[in-house]
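Peer 1: Sequence:
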Amino acid sequence: MEHSTENHFTHGEREADAQNNEVYVPKPFLELFVKASGIDNRSIGACLFCQEFWMELYALYELDLIRVEVKTVNVNSELFKRSFLGALPPVLVELEKNLTYSDNREIERRIFHIAKEFDVLLFEKDVVVEKKIESLYRSIFITMLTRGHESYPTRNPNLHPLLLQVEESRVRWFGHVLRMPPEKRRQNFKIFLKAKIDYDRDHPNEDVKQIPHLVQPAYNKLIEQLGNIDKLLEQRGTRYLISSSMTMYDCELMPRLHHIRIAGEYLCDTEIPHNLVYLWNYLMTAYRTAAFIESCPHDQSIIYHYKEQLNLTRKSRESLQALTKTLEVPQDVLAQIQRLGLDQK
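Read in order, the letters of the sequence shown correspond to residues 1 to 345 in UniProt numbering.
Take the hints with a grain of salt, since some may be wrong.
Said to hold, decoys possible - Once the Cα atoms are required to be at most 27 Å apart in a straight line, the calculated DSS-like pairs of lysine-lysine come out as:
no.: 1; residue 1: Lys345; residue 2: Lys231
no.: 2; residue 1: Lys131; residue 2: Lys116
no.: 3; residue 1: Lys325; residue 2: Lys307
no.: 4; residue 1: Lys116; residue 2: Lys132
no.: 5; residue 1: Lys345; residue 2: Lys131
no.: 6; residue 1: Lys231; residue 2: Lys221
no.: 7; residue 1: Lys307; residue 2: Lys221
no.: 8; residue 1: Lys231; residue 2: Lys132
no.: 9; residue 1: Lys221; residue 2: Lys131
no.: 10; residue 1: Lys325; residue 2: Lys194
no.: 11; residue 1: Lys81; residue 2: Lys307
no.: 12; residue 1: Lys307; residue 2: Lys194
no.: 13; residue 1: Lys27; residue 2: Lys116
no.: 14; residue 1: Lys345; residue 2: Lys132
no.: 15; residue 1: Lys97; residue 2: Lys116
no.: 16; residue 1: Lys194; residue 2: Lys132
no.: 17; residue 1: Lys81; residue 2: Lys97
no.: 18; residue 1: Lys231; residue 2: Lys125
no.: 19; residue 1: Lys125; residue 2: Lys345
no.: 20; residue 1: Lys221; residue 2: Lys132
no.: 21; residue 1: Lys194; residue 2: Lys221
no.: 22; residue 1: Lys27; residue 2: Lys97
no.: 23; residue 1: Lys345; residue 2: Lys325
no.: 24; residue 1: Lys27; residue 2: Lys131
no.: 25; residue 1: Lys27; residue 2: Lys125
no.: 26; residue 1: Lys194; residue 2: Lys131
Hint data in this document are derived by calculation from the structure and do not stem from the laboratory.
This structure is a prediction, so every number in the text was calculated from the model and none was measured.
Take these sequences, add in the hints, and give me the full structure.
Peer 2: Here you go:
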């Protein structure tokens, strides 16, 4: 199969301890196929679902519960298309069981059951957090968001009750999005992104450092959403959304916030407001979390991803640029974080 393994991590199962004569149960060996970057087939692309599942698997890998290999794949490769019958990444393969999970729900369900088996609270439910971050789900195109979910039954007697709660909440969200008119299916970030770029293109000689009047409503809505998350983080006072440990919500939210930051800065010259200190502190937590660092695409891949989705003329050649990852917060924001003692948590 055509693939690259530049971005991968593997871990062999433990050997029996000769001195203590301990025997360990063999750990599942999983392969996660993720979308390659549009500018570099060896690097991970800016697929949010790919990064989300990668982070969840990495959390289990860090606890020495699974063996994992992550492989980047070119979705246009004929060999990949034939091997997975036209499925798109992410795709999870469990070699020992000869099972392939090409549906996002199947992938999440398999990860959930591994976490449940070892009492890892990766899928801990929190309705308040879920509602706060739900609006940012729309940052994914509807075809990606609902792929494989359109006819999925909301009631499945074989599902664990907690997983059923998680899946039902997402089914309600998918149904809500599917009922929306096409022009409203994009999240406020993309609405703002497109409006700002169009305005800049139509006003090449105008100083557009400030948010133009025509773009202001979309910008205000986006900032309102980010502000709500900032308030939630302040109220919780925890390192991650729910506790001191990463959960599925962090695996969803951290990549989305990072996309908003990178695409906003590079394509619109617009930053996440620096007064959202708790949100920035949360991003700093992401930048210090191994699961996020390992799975994070390069800045250029994120920029290319949004240019491609918004059908923008690529004036710059990301493929010719040195690949970089922005994994630090602005200095003035860091000073505020340190003054509040948030970096000590």
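Peer 1: Please go over all the hints and tell whether each is borne out by the structure.
Peer 2: Checked hints:
no.: 1; hint: Lys345 with Lys231; verdict: holds, 17 Å
no.: 2; hint: Lys131 with Lys116; verdict: holds, 23 Å
no.: 3; hint: Lys325 with Lys307; verdict: holds, 18 Å
no.: 4; hint: Lys116 with Lys132; verdict: holds, 25 Å
no.: 5; hint: Lys345 with Lys131; verdict: holds, 25 Å
no.: 6; hint: Lys231 with Lys221; verdict: holds, 15 Å
no.: 7; hint: Lys307 with Lys221; verdict: holds, 22 Å
no.: 8; hint: Lys231 with Lys132; verdict: holds, 10 Å
no.: 9; hint: Lys221 with Lys131; verdict: holds, 16 Å
no.: 10; hint: Lys325 with Lys194; verdict: holds, 24 Å
no.: 11; hint: Lys81 with Lys307; verdict: holds, 25 Å
no.: 12; hint: Lys307 with Lys194; verdict: holds, 10 Å
no.: 13; hint: Lys27 with Lys116; verdict: holds, 14 Å
no.: 14; hint: Lys345 with Lys132; verdict: holds, 22 Å
no.: 15; hint: Lys97 with Lys116; verdict: holds, 19 Å
no.: 16; hint: Lys194 with Lys132; verdict: holds, 24 Å
no.: 17; hint: Lys81 with Lys97; verdict: holds, 21 Å
no.: 18; hint: Lys231 with Lys125; verdict: holds, 19 Å
no.: 19; hint: Lys125 with Lys345; verdict: holds, 22 Å
no.: 20; hint: Lys221 with Lys132; verdict: holds, 14 Å
no.: 21; hint: Lys194 with Lys221; verdict: holds, 14 Å
no.: 22; hint: Lys27 with Lys97; verdict: holds, 12 Å
no.: 23; hint: Lys345 with Lys325; verdict: holds, 24 Å
no.: 24; hint: Lys27 with Lys131; verdict: violated, 35 Å
no.: 25; hint: Lys27 with Lys125; verdict: holds, 26 Å
no.: 26; hint: Lys194 with Lys131; verdict: holds, 25 Å
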